[in-house]
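Engineer: Position chain B against the provided structure of chain A, taking the given hints into account.
Just so you know, the sequences run in chain order A and B. The opening position of the first sequence corresponds to residue 1 in my numbering, with each subsequent residue numbered one higher. The opening position of the second sequence corresponds to residue 1 in my numbering, with each subsequent residue numbered one higher.
Each hint should be verified, as a subset may be incorrect.
Claimed, not checked - Only pairs whose alpha carbons sit at most 25 Å apart, straight line, appear in this in silico PhoX-like list of lysine-lysine:
| # | chain 1 | residue 1 | chain 2 | residue 2 |
| --- | --- | --- | --- | --- |
| 1 | A | LYS49 | B | LYS77 |
| 2 | A | LYS23 | B | LYS130 |
| 3 | A | LYS23 | A | LYS45 |
| 4 | B | LYS130 | A | LYS49 |
| 5 | A | LYS23 | A | LYS49 |
| 6 | B | LYS3 | A | LYS45 |
| 7 | A | LYS45 | B | LYS77 |
The hints are simulated quantities; they were obtained by calculation from the structure and are not laboratory data.
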Amino acid sequence: MDSLAMGHYFLPVLQDMVTSLPKVRCAVLCTPDGFNIASIGLDEKQVGKMAALSSSLMAVGASAIDGLPLGSTEGSGGLNVMTMEAGGVHVATVRIQRQQGADLVLMVAAASPLGVVLHVLQSTRARIAGM
Amino acid sequence: MNKLSVVLGHQVEQQVAFVGPFGVGKTTALRAISDVPVVNTDVDSAEAVGHLTLQPSGKTTTTVGLDYGEWRFPDGKVVALIGVPGQDRFDAMWDALLPRSSAIVLWIYGDRDPTRLECRKWLQALAQRKAVARLAVAVTRVPDGQEQQVLDSVRELVTRFHPLAPVLSADPREPADVLQAVTMALVTPYTALQA
Numbered sequence: 001m002d003s004l005a006m007g008h009y010f011l012p013v014l015q016d017m018v019t020s021l022p023k024v025r026c027a028v029l030c031t032p033d034g035f036n037i038a039s040i041g042l043d044e045k046q047v048g049k050m051a052a053l054s055s056s057l058m059a060v061g062a063s064a065i066d067g068l069p070l071g072s073t074e075g076s077g078g079l080n081v082m083t084m085e086a087g088g089v090h091v092a093t094v095r096i097q098r099q100q101g102a103d104l105v106l107m108v109a110a111a112s113p114l115g116v117v118l119h120v121l122q123s124t125r126a127r128i129a130g131m
Numbered sequence: 001m002n003k004l005s006v007v008l009g010h011q012v013e014q015q016v017a018f019v020g021p022f023g024v025g026k027t028t029a030l031r032a033i034s035d036v037p038v039v040n041t042d043v044d045s046a047e048a049v050g051h052l053t054l055q056p057s058g059k060t061t062t063t064v065g066l067d068y069g070e071w072r073f074p075d076g077k078v079v080a081l082i083g084v085p086g087q088d089r090f091d092a093m094w095d096a097l098l099p100r101s102s103a104i105v106l107w108i109y110g111d112r113d114p115t116r117l118e119c120r121k122w123l124q125a126l127a128q129r130k131a132v133a134r135l136a137v138a139v140t141r142v143p144d145g146q147e148q149q150v151l152d153s154v155r156e157l158v159t160r161f162h163p164l165a166p167v168l169s170a171d172p173r174e175p176a177d178v179l180q181a182v183t184m185a186l187v188t189p190y191t192a193l194q195a
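Looking at chain A on its own, in the form it has when it is part of the complex (with noise of 0.2 Å):
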């Protein structure tokens, strides 16, 4: 598929999430490097460098995480969430793996507390990791 076919193929999972999230404002999916696949809340000008900021995040969250002596069982698996906060907007960027395709990048800002935003974003997750 290619990136517009899979915007239209995630586009309503996505729009759930935003659905289900109090106060959010943008939300992207994208590929582990960097380009959109689908985003809500972005205009054209910001997609792309959101896409290419969001996959970098990841990336050197992955290497900080590797690199941090956090103990055998703890922090195994790498990174799982990378949380940001600025001004009471809540950003979380989760990386999927999916049974059947690639890696996908999955960011989503809200103005909702930390947990609610954590605990949608992880269910979307889990939807899109199956599809």
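Structural biologist: This is chain B only, laid out in the frame that chain A set:
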């Protein structure tokens, strides 16, 4: 739910990475041609302040993450432009960013003796990370009257790593020069970088 705009897929067909030593002009070059506002991960540079003899340019910021810009060709195709940090300790970023790129422009200083050393170091770093590449080498600050000599010297070194890479003199502040380097990198045939 408010009406949030939806964007599907990407128009970016290729990605060009700007690599090269600290202060050579990668971020400057990117800003010279980008059609979109350039992502800024520049921070104040301790190296420029603490080692004035190394950086007579007076450069005071350095890229620690990546620069990101885009340029639209006249036919509508979009190329993503990625600037990587020049300092060695950010080589994790090179690992993350270089494999994604369709082509690479290596920027090097034309006005200093260690030109060949810096150039070789970068060519080796590229070869380690990306076995197959399209490469163009852009040489900055070539002293007046020495263009032939400097470019030939660089070309001789580059061909040992990449037999087909063009070497050109370019000012990263000049959009026409930067675009020429980008397009030359994109049209150079693929070849394996010999480590």
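Engineer: Check the hint pairing B:LYS130 with A:LYS49 against an upper bound of 25 Å on the C-alpha distance.
Structural biologist: Between B:LYS130 and A:LYS49 the Cα gap is close to 23 Å, so the pair holds against 25 Å.
Engineer: Please verify whether B:LYS3 and A:LYS45 have alpha carbons no more than 25 Å apart.
Structural biologist: Answer holds: B:LYS3 to A:LYS45 is near 18 Å, not above 25 Å.
Engineer: Tell me if the straight-line CA distance from A:LYS23 to B:LYS130 falls inside 25 Å.
Structural biologist: Status violated; Cα separation ~42 Å.
Engineer: For the pair supplied as a hint, A:LYS49 and B:LYS77, confirm whether the alpha-carbon distance does not exceed 25 Å.
Structural biologist: Distance of about 16 Å is within 25 Å: holds.
Engineer: For the pair supplied as a hint, A:LYS45 and B:LYS77, confirm whether the alpha-carbon distance does not exceed 25 Å.
Structural biologist: 14 Å, holds
Engineer: Given the hint that A:LYS23 pairs with A:LYS45, does the C-alpha gap stay at or below 25 Å?
Structural biologist: This hinted pair holds, its Cα atoms lying about 23 Å apart.
Engineer: Assess, step by step, whether the Cα of A:LYS23 is no farther than 25 Å from the Cα of A:LYS49, and give holds or violated.
Structural biologist: 23 Å, holds
Violation of the numbered hints given earlier is confined to hint 2; every other hint is satisfied by the structure.
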